[in-house]
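Protein sequences appear in the order of chains Y and U. Residue numbers are given in numbering that gives the first Met the number 0: position 49 of the first sequence equals residue 48, and the series is strictly consecutive. Residue numbers are given in numbering that gives the first Met the number 0: position 4 of the second sequence equals residue 3, and the series is strictly consecutive.
If you're looking for bench data, these hints aren't it; they were derived computationally from the structure. Just so you know, not all the hints are guaranteed correct.
[Said to hold, decoys possible] Quick list of in silico lysine to aspartate or glutamate cross-link-like pairs, EDC-like style, CA-CA up to 20 Å:
hint	chain 1	residue 1	chain 2	residue 2
1	Y	68	U	63
2	U	176	U	187
3	Y	51	U	187
4	Y	51	U	63
5	Y	51	U	23
6	Y	68	U	57
7	Y	68	U	59
8	U	29	Y	93
9	U	29	U	123
10	U	29	U	126
11	U	29	Y	59
12	Y	68	U	187
13	Y	51	U	169
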Amino acid sequence: MAQATHHEDGHHSNTVTLRGRQITVEGGIYTVVFVALAILTVIEVLSAEGLKAAIYDNPDAAAALEAIKAALLLIIAVIKSTLVIWFYMHLRDEHPLLAVVLLLPLLIAGLSILYLLAIPPGGYSL
Amino acid sequence: MAELTADQLTAPAHDDHGHLSVEDSNNNLKLGVWLYLASEVVIFSIMIVGYVLLRINEPDVVAEAHEQLGVGLVTANTFVLLASSFFMVMGLRAMQQGNRAGMLRWIGLTALGGIVFLCGQYIEYSELSHLGIVLGYDLESQWSTLGMRFYAPTFFHGAHVFVGVLWALEVMRRGAKGRYDNNPIGIEMFGLYWHFVDVVWIMLFTLIYLV
């Protein structure tokens, strides 16, 4: 997504700067973010369906394509989530402590998930 | 949550009785909501990892479910929830601009988005039950391992949307009485919750329906 900033009284301005160009849109940065979310969702669904067909057509490369598909879709989902948190939840305007409040449980959950993924499907044989 | 009184709204940073300034009080309330959301992150993460483990260990079951379901309905539902998040932030913006009528309109649309989402989820669950994907554990069914892993995160999320709709209606009731005219923190707190529910769905949509 293009770098976006907004002007004057921040949340109330309808003027947004995209790649150095000022544009006026009702709703300002919030509308731009919504359009970006919608476009990313379309890209996400089309990519998933396209790669699903490619996996079906190329069973030999299925593992690699599955990995590419998962990585691509997760990257898009993280970008979408970040847009919502950063702009709609106004994390960019808040004290950095709130970012820590959000990231700490994510870190703990992430580490726990990695631990769980390492357990063999049948469990450990003792 | 406690509403600020008119005296508190016009008070200096700290008055003789030790009341916090409006700004400090708002910051404390927002920190409280963020801490609550942090606890939700952990709960949803546990449910998501349960599904991810199934996805890794039994890819054929998940692929078959994807094949049966398709992504049309859930994609439409995703757009509805994304739009409701946009309506929400526009409602807060309207109130910050002193536009109470605009706020009521936007928050009303937010609630409507939540209701439409829940209707879509009901339709999806009906289709799933026709396919035999249910909560019960049936050894004869190929879906027995999928049911709980799928319903736990999606139903828990749906319950959050339901609570959000009720909260939106309460915000509208209070807003109509002018409770947020001087301090829209109540709308902002609801917004944090609603956007979080949207973020959770963004991840669930990708992990459960697309990957």
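Right, here's what the structure says about each hint:
1. Y/68 x U/63: Roughly 17 Å between the alpha carbons, so the hint for residue 68 of chain Y and residue 63 of chain U holds.
2. U/176 x U/187: Roughly 17 Å between the alpha carbons, so the hint for residue 176 of chain U and residue 187 of chain U holds.
3. Y/51 x U/187: violated, 40 Å
4. Y/51 x U/63: Given pair residue 51 of chain Y, residue 63 of chain U holds - Cα atoms ~12 Å apart, limit 20 Å.
5. Y/51 x U/23: It is violated: about 51 Å lies between the C-alpha atoms, which goes past 20 Å.
6. Y/68 x U/57: holds, 17 Å
7. Y/68 x U/59: It holds: about 16 Å lies between the C-alpha atoms, which stays within 20 Å.
8. U/29 x Y/93: holds, 10 Å
9. U/29 x U/123: With Cα atoms ~35 Å apart, residue 29 of chain U and residue 123 of chain U exceed 20 Å; violated.
10. U/29 x U/126: Given that 20 Å is the threshold and the Cα spacing comes to 40 Å, the pair is violated.
11. U/29 x Y/59: Roughly 52 Å between the alpha carbons, so the hint for residue 29 of chain U and residue 59 of chain Y is violated.
12. Y/68 x U/187: Distance of about 36 Å is beyond 20 Å: violated.
13. Y/51 x U/169: violated, 44 Å
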